[in-house]
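Undergrad: So the chains spell out like this:
2 protein chains.
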Amino acid sequence: MPDTTANGEIEAWLDRFTRAANAGDPDAVASLFVPGECLWRDLVAVSWNIVTCEGQAAIADMARARLDDVRPFAASREADAKSADGIVEARIRIETRLARGDGYLRLKDGKAWTLLTRATELKGHEEPSGRRRPRGALHGVHRDRKTWAELRRQEEEELGISRQPYCVIVGGGQGGIALGARLKRLGVPTLILEKLERPGDTWRKRYKSLCLHDPVWYDHLPYIPFPDHWPVFSPKDKLGDWLEMYVKVMELDYWGGTTCERASYDAARGEWTVTALRGGKTITLKPKQLVLATGMSGVPNVPAFPGRETFAGEQMHSSGFTSGDHYVGKRCVVVGSNNSAHDIAADLWEHGADVAMIQRSPTIVVRSDSLMELAIGQNYSEDALDRGITTEIADLTMASVPYRIAPQRSLPVYDQIRARDRDLYERLDKVGFQYHFGADGSGIHTSYIRRGSGYYIDVGASDLIADGKIALKSRVEVERLTRTGLRLSDGSEVPADLIVYATGFGSMNGWAAQLISREVADKVGKCWGVGSDTAGDPGPWEGELRNMWKPTRQEGLWFHGGNLFQSRVYSLTLALQLKARFEGVPTPVYGLPVVHHTG
Amino acid sequence: MPDTTANGEIEAWLDRFTRAANAGDPDAVASLFVPGECLWRDLVAVSWNIVTCEGQAAIADMARARLDDVRPFAASREADAKSADGIVEARIRIETRLARGDGYLRLKDGKAWTLLTRATELKGHEEPSGRRRPRGALHGVHRDRKTWAELRRQEEEELGISRQPYCVIVGGGQGGIALGARLKRLGVPTLILEKLERPGDTWRKRYKSLCLHDPVWYDHLPYIPFPDHWPVFSPKDKLGDWLEMYVKVMELDYWGGTTCERASYDAARGEWTVTALRGGKTITLKPKQLVLATGMSGVPNVPAFPGRETFAGEQMHSSGFTSGDHYVGKRCVVVGSNNSAHDIAADLWEHGADVAMIQRSPTIVVRSDSLMELAIGQNYSEDALDRGITTEIADLTMASVPYRIAPQRSLPVYDQIRARDRDLYERLDKVGFQYHFGADGSGIHTSYIRRGSGYYIDVGASDLIADGKIALKSRVEVERLTRTGLRLSDGSEVPADLIVYATGFGSMNGWAAQLISREVADKVGKCWGVGSDTAGDPGPWEGELRNMWKPTRQEGLWFHGGNLFQSRVYSLTLALQLKARFEGVPTPVYGLPVVHHTG
Chain A
0 MPDTTANGEI
10 EAWLDRFTRA
20 ANAGDPDAVA
30 SLFVPGECLW
40 RDLVAVSWNI
50 VTCEGQAAIA
60 DMARARLDDV
70 RPFAASREAD
80 AKSADGIVEA
90 RIRIETRLAR
100 GDGYLRLKDG
110 KAWTLLTRAT
120 ELKGHEEPSG
130 RRRPRGALHG
140 VHRDRKTWAE
150 LRRQEEEELG
160 ISRQPYCVIV
170 GGGQGGIALG
180 ARLKRLGVPT
190 LILEKLERPG
200 DTWRKRYKSL
210 CLHDPVWYDH
220 LPYIPFPDHW
230 PVFSPKDKLG
240 DWLEMYVKVM
250 ELDYWGGTTC
260 ERASYDAARG
270 EWTVTALRGG
280 KTITLKPKQL
290 VLATGMSGVP
300 NVPAFPGRET
310 FAGEQMHSSG
320 FTSGDHYVGK
330 RCVVVGSNNS
340 AHDIAADLWE
350 HGADVAMIQR
360 SPTIVVRSDS
370 LMELAIGQNY
380 SEDALDRGIT
390 TEIADLTMAS
400 VPYRIAPQRS
410 LPVYDQIRAR
420 DRDLYERLDK
430 VGFQYHFGAD
440 GSGIHTSYIR
450 RGSGYYIDVG
460 ASDLIADGKI
470 ALKSRVEVER
480 LTRTGLRLSD
490 GSEVPADLIV
500 YATGFGSMNG
510 WAAQLISREV
520 ADKVGKCWGV
530 GSDTAGDPGP
540 WEGELRNMWK
550 PTRQEGLWFH
560 GGNLFQSRVY
570 SLTLALQLKA
580 RFEGVPTPVY
590 GLPVVHHTG
Chain B
0 MPDTTANGEI
10 EAWLDRFTRA
20 ANAGDPDAVA
30 SLFVPGECLW
40 RDLVAVSWNI
50 VTCEGQAAIA
60 DMARARLDDV
70 RPFAASREAD
80 AKSADGIVEA
90 RIRIETRLAR
100 GDGYLRLKDG
110 KAWTLLTRAT
120 ELKGHEEPSG
130 RRRPRGALHG
140 VHRDRKTWAE
150 LRRQEEEELG
160 ISRQPYCVIV
170 GGGQGGIALG
180 ARLKRLGVPT
190 LILEKLERPG
200 DTWRKRYKSL
210 CLHDPVWYDH
220 LPYIPFPDHW
230 PVFSPKDKLG
240 DWLEMYVKVM
250 ELDYWGGTTC
260 ERASYDAARG
270 EWTVTALRGG
280 KTITLKPKQL
290 VLATGMSGVP
300 NVPAFPGRET
310 FAGEQMHSSG
320 FTSGDHYVGK
330 RCVVVGSNNS
340 AHDIAADLWE
350 HGADVAMIQR
360 SPTIVVRSDS
370 LMELAIGQNY
380 SEDALDRGIT
390 TEIADLTMAS
400 VPYRIAPQRS
410 LPVYDQIRAR
420 DRDLYERLDK
430 VGFQYHFGAD
440 GSGIHTSYIR
450 RGSGYYIDVG
460 ASDLIADGKI
470 ALKSRVEVER
480 LTRTGLRLSD
490 GSEVPADLIV
500 YATGFGSMNG
510 WAAQLISREV
520 ADKVGKCWGV
530 GSDTAGDPGP
540 WEGELRNMWK
550 PTRQEGLWFH
560 GGNLFQSRVY
570 SLTLALQLKA
580 RFEGVPTPVY
590 GLPVVHHTG
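Protein sequences, first through last, are from chains A and B.
The first sequence begins at 0 in numbering that gives the first Met the number 0 and counts up by one.
The second sequence begins at 0 in numbering that gives the first Met the number 0 and counts up by one.
For reference, chain A alone in the conformation it holds in the complex (with noise of 0.2 Å):
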């Protein structure tokens, strides 16, 4: 039964809201959020920008800054209203002078808690689908006729050599195809440059055992979704093989094994200069826009322990790591805890290496199950779709979240995993493993936003190392190699005949460093994060991830990357503001963050 009062409730706020806004009254505006903790958080709809703006000051500020120039606007409620813990919650549809949108409104007494506004569409600038989608067939006849196959083939070659790109984006794993398919629908002449040599091939030359930890309610591209046969954990050569399909099908513009060498900008020309080697040949575009899709993890992170040199086996990040079947009965040693590590360390195991595990710090874990059960499987699984909620539902009320409140919400979840598991904590206990739950105890998907890792997701491994299976070495540092092994800082010595380094990535804007300049990786400053003040995420707060699919401090440069969900969310959100930059609509940015770190 529709719950008609609180659906009033919503109704008769949004009707506030909207007279506020196209009266241009920003104090009128503010006043109607909850005085204290309320947050305003907006994806492209009213700032131009991903941001999230805390308490009334910051509220009115933005409205001040930004609703003329963007009403009229319009607001409804899409769905029923939800009411439960003194929250009465819907989800709501927008609409601007420039975009119409969606987006989702938390009540607590009449006054908005949350409030979250998204563009999903440029008016005059809507994707050809659904009644806009193209006839295909050329009716009539036409005797300079091209067909389809033709017309696609002078594409191909065209673009790239005897045509611009507007905007090139490097790295074609599922950022870049994501963004790709979205600006083909959108019609925005996108280039996608990957050094490998098949689309997919970024999940194929992982490790041999690797499946998607995240399960596939999650992790469906847009447009095409997984059949609902999919497995539940992707492997990785099976969500290859339907990447290559994907680009092939959504005729993305994409060039395999292409190394893009260099980038810079011309500001006067506001164009940027990328240079590309494809197929032993030098290619020099010329974009308007470049994105890096080049992996949110950035660049490996390969500690400079001392002795390396003197070391004689083997030694490779973990992003080198394929299988572990040629160390049969060989010594290997996994440094690092975090869901890499756990995943080499069982698959070397289960090839009948002797495995050790160096844990530097606490990390979280969760069992799978637990993890699906209790947390991602609220929103997204098959009781999830059975309650009516889609992945475009669920995308929506996860985007709801602000990153402030995000944590709070999750701490109930982790005592019940807690209790739900007791039995692997206390024997990883027992062996000395050190978990935790994060920071603030709020778990995984927090640690995820606050630096890309720091958690393993228990498929097995645990098991491993709670039965002594996997030696563990924890409370250690990593003093120096020897010719024969590892010296810890308890003076222990562990030999090898392998050393992966599950070690972690550094900061996306390595990246840019590398392909642009240190200059420029320093002036965009540390992309991932929200600023929580915990490890791998210094303060002060930010409020939404650096960087991260919104306009940077580098005129041109944007930053696309993440899990399939990410991928899939914010792919939408990065293509309108280049889509309207493609088609010369103003896009006045609100609230350019200032930069505290520069990696």
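Any given hint could be a false lead.
Said to hold, decoys possible - Straight-line alpha carbon distances no greater than 30 Å define the calculated DSBU-like cross-link-like pairs of lysine-lysine that follow:
#, chain 1, residue 1, chain 2, residue 2
1, B, LYS204, A, LYS145
2, A, LYS183, B, LYS207
3, B, LYS204, B, LYS194
4, B, LYS194, A, LYS247
5, B, LYS247, A, LYS194
6, B, LYS145, A, LYS468
7, A, LYS194, A, LYS522
8, A, LYS204, B, LYS247
9, A, LYS145, B, LYS247
10, A, LYS247, B, LYS183
11, B, LYS204, A, LYS207
Hints were generated in silico from the structure; no laboratory data involved.
With chain A held as given, fit chain B onto it using these hints.
TA: Positioned in the frame of chain A, the structure of chain B alone reads:
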């Protein structure tokens, strides 16, 4: 607003029906149908066959023969009933001892006029989708772990080589692919043999200008619908790419570049011996089931005109035509006046050839736009989607209309079309083009069901004919070929450098004659057509398409074919029959028809 009276009528009837069915009272079942014209169409749910029982006696007969075996029988209303013109109708759900399914009921004065019952899954043998989907990752640690890629490679290497498929499908067009996908999901080991190299080549290799004549909403494959920017009329190469990616991501076992040479059935062993040539190597397969999906159009009909060997120019069947670009300035004659004839004539004209069409019998001509808006668009269009008619609902609605009553339901549509496009028809009259609307005025769809051809969906060529740009010779026969052209029955001579025979195809059992034997081809008899006693579809009335997607007089031999709609819908019905046999579920077939025509 739901029509509660109509809903109640449907529910009351279903209640009476299920009580009579479960009481094992065939006469009581039959008495619930309208005396005189009443029709029960069953797709495998009751009959293990595709049958339409017409009249109370036939209905009682099927009930007597089959209900004891399938009960308990349950049925419920699936959606709100509609009531108009004295008919109350609704989609329904059904369940038998063996299967779950859906259906459609139309009542007149409380009695059933038409009933559709259709199995959609076999109990205990459901597809592994939704909650039954595989996990993908193998959680836990496993020393003999095989990755998805390894298992997939193993399957590819073994099937048909060291392990026999249960089913071989000859022909890898949309028919073989859709059926292959169904069988893959159902876990029936199946090999698809296709003489062309790549999946999709069945479309790619056809004439260059070809686009689908059916719109996208009608053309989805099972499981992975086209994204919503897909063109209305799919260009052939784009469709080819889609089919190719579909084969890959659905993991079909598809042998391209493989010619099926011979097949023979060993009744004692219940097994086929199929000889195939793959990459120059002869391979012998031993499937239990053999499906011919080599195109419902069958073997090309090339008319045996006297003097064919004396003609000095080029001659080809329409299926061999690729593009007009070799015929600039040449004199080209197209024999025939249906879809391919028109498309090829227009293509030649567009390339600057001098084109004549020889029309030997009347053609149903309907403008594409009119057909879309007034006929097919009622169920398959953006409008239909807006009215809540998904592809699944549209498919069920289409299946719910028995062939006996389909023509009369089309008559008003063609009255509208005639009025709307009067101008076109007057212009065709003036140049002597013989058009009509089918033997009984029921138009294209009926003609397609009766003979698989007989019409042109006008996308431009009719204008060329009306304008005299394509020269027309009508009401004539070809008397003989000369060295330089064609001599016609009116004594005239048409000079030609190229003759294209757009003269259609034989019955699909012609493939059985080629592959198996004339004896088996004659035993199963003519394929397609319903016995309407009109041109190309001799009586007596059979009520269902002959031999299509259902048991034939040759054990283990099946025919699958048709457009994308039929490939989608009937692949399910056929797949369930094959799955039941694979699993050893007894499948007593009700109403295997007598063969009246050998081809």
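Undergrad: Next, verify each hint and record whether it holds.
TA: Going down the list of hints, with the structure as the test:
no., hint, in the structure
1, B:LYS204 <-> A:LYS145, "holds, 17 Å"
2, A:LYS183 <-> B:LYS207, "holds, 25 Å"
3, B:LYS204 <-> B:LYS194, "holds, 12 Å"
4, B:LYS194 <-> A:LYS247, "holds, 23 Å"
5, B:LYS247 <-> A:LYS194, "holds, 23 Å"
6, B:LYS145 <-> A:LYS468, "holds, 21 Å"
7, A:LYS194 <-> A:LYS522, "holds, 26 Å"
8, A:LYS204 <-> B:LYS247, "holds, 19 Å"
9, A:LYS145 <-> B:LYS247, "holds, 29 Å"
10, A:LYS247 <-> B:LYS183, "holds, 23 Å"
11, B:LYS204 <-> A:LYS207, "violated, 38 Å"
Against the hints set out earlier in the document, a violation occurs for number 11 only.
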